[in-house]
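Let's have the full structure, built from the sequences with the hints guiding it.
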Amino acid sequence: MVEKREETFVESDADSAQVIEQDGYSIIKNQVCPVCHEKKLTLTESEQEIPFFGLVYIFSMSCENCKYHKADVESEEQKEPCRYSIEVDSEEDMKIRVVKSAEATVRIPHVGNIEPGPASNGYVTNIEGIIQRMKRMIEAVRDNQEEDEETRKKAKNLVKKLIKVQMGQEKLRIIIEDPTGNSAIISDKAEKSRLK
Numbered sequence: 022m023v024e025k026r027e028e029t030f031v032e033s034d035a036d037s038a039q040v041i042e043q044d045g046y047s048i049i050k051n052q053v054c055p056v057c058h059e060k061k062l063t064l065t066e067s068e069q070e071i072p073f074f075g076l077v078y079i080f081s082m083s084c085e086n087c088k089y090h091k092a093d094v095e096s097e098e099q100k101e102p103c104r105y106s107i108e109v110d111s112e113e114d115m116k117i118r119v120v121k122s123a124e125a126t127v128r129i130p131h132v133g134n135i136e137p138g139p140a141s142n143g144y145v146t147n148i149e150g151i152i153q154r155m156k157r158m159i160e161a162v163r164d165n166q167e168e169d170e171e172t173r174k175k176a177k178n179l180v181k182k183l184i185k186v187q188m189g190q191e192k193l194r195i196i197i198e199d200p201t202g203n204s205a206i207i208s209d210k211a212e213k214s215r216l217k
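For the sequence shown, the numbering used here assigns the number 22 to the initial residue and increments by one for each residue that follows.
Treat the hints as calculated values from the structure; they're not laboratory data.
A couple of the hints might just be wrong.
Mimicking EDC-like on lysine to aspartate or glutamate, the simulated pairs with C-alpha atoms at most 16 angstroms apart in a straight line are [what the hints assert, rightly or not]:
| hint | residue 1 | residue 2 |
| --- | --- | --- |
| 1 | LYS61 | GLU85 |
| 2 | LYS50 | GLU66 |
| 3 | LYS177 | GLU160 |
| 4 | LYS100 | GLU198 |
| 5 | LYS217 | GLU124 |
| 6 | LYS177 | GLU167 |
| 7 | LYS185 | GLU108 |
| 8 | LYS181 | GLU160 |
| 9 | LYS177 | ASP164 |
| 10 | LYS181 | ASP164 |
| 11 | LYS116 | GLU149 |
| 12 | LYS192 | GLU108 |
| 13 | LYS210 | ASP110 |
| 14 | LYS192 | GLU113 |
| 15 | LYS60 | GLU85 |
What follows is the structure, given as structure tokens:
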């Protein structure tokens, strides 16, 4: 069965922004990029209801000229600064939903951190998605020929550990700390506390 797409396209003149409403997304094209200053930036916004968390707004900016990209997630409700912690110990845990804002820090003790900052993005994913992101960061170190042999060997072992965690053969703790409260690990297994 072919799904019917609802699309609205508005353009007032050749220099103006193109606004497209499609499948619950608002897409604005031809905006000025904050990095290269070309009118090649696309803004995308959508709403998503996350069970046991609430309504979130998902924003992204992407420039087709300089490849700048920024994304974030913001809760409709004002939330308190929070810290979530979960012990991942089974393959089933890979499916646990995670909301991470650009302001949040993801910590995986003895493995690494995903820090907030100008290059940090917000996203809605699952535990497997968090592990995959961490794995890609570590693989970049492992594959960098400029790194010393010991660092590359350590990175190789961390990648093996993350693969075992994904298969449910090894345990791992994941911690998310968010001063804005716009992040969550949505599971009864997750421990939530106020971020100090």
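Cross-check of the supplied hints:
no. : hint              : in the structure
1   : LYS61 <-> GLU85   : holds (6 angstroms)
2   : LYS50 <-> GLU66   : holds (12 angstroms)
3   : LYS177 <-> GLU160 : holds (7 angstroms)
4   : LYS100 <-> GLU198 : holds (13 angstroms)
5   : LYS217 <-> GLU124 : holds (15 angstroms)
6   : LYS177 <-> GLU167 : holds (15 angstroms)
7   : LYS185 <-> GLU108 : holds (14 angstroms)
8   : LYS181 <-> GLU160 : holds (10 angstroms)
9   : LYS177 <-> ASP164 : holds (9 angstroms)
10  : LYS181 <-> ASP164 : holds (14 angstroms)
11  : LYS116 <-> GLU149 : holds (7 angstroms)
12  : LYS192 <-> GLU108 : holds (7 angstroms)
13  : LYS210 <-> ASP110 : holds (11 angstroms)
14  : LYS192 <-> GLU113 : holds (12 angstroms)
15  : LYS60 <-> GLU85   : holds (9 angstroms)
In this structure, every one of the numbered hints holds.
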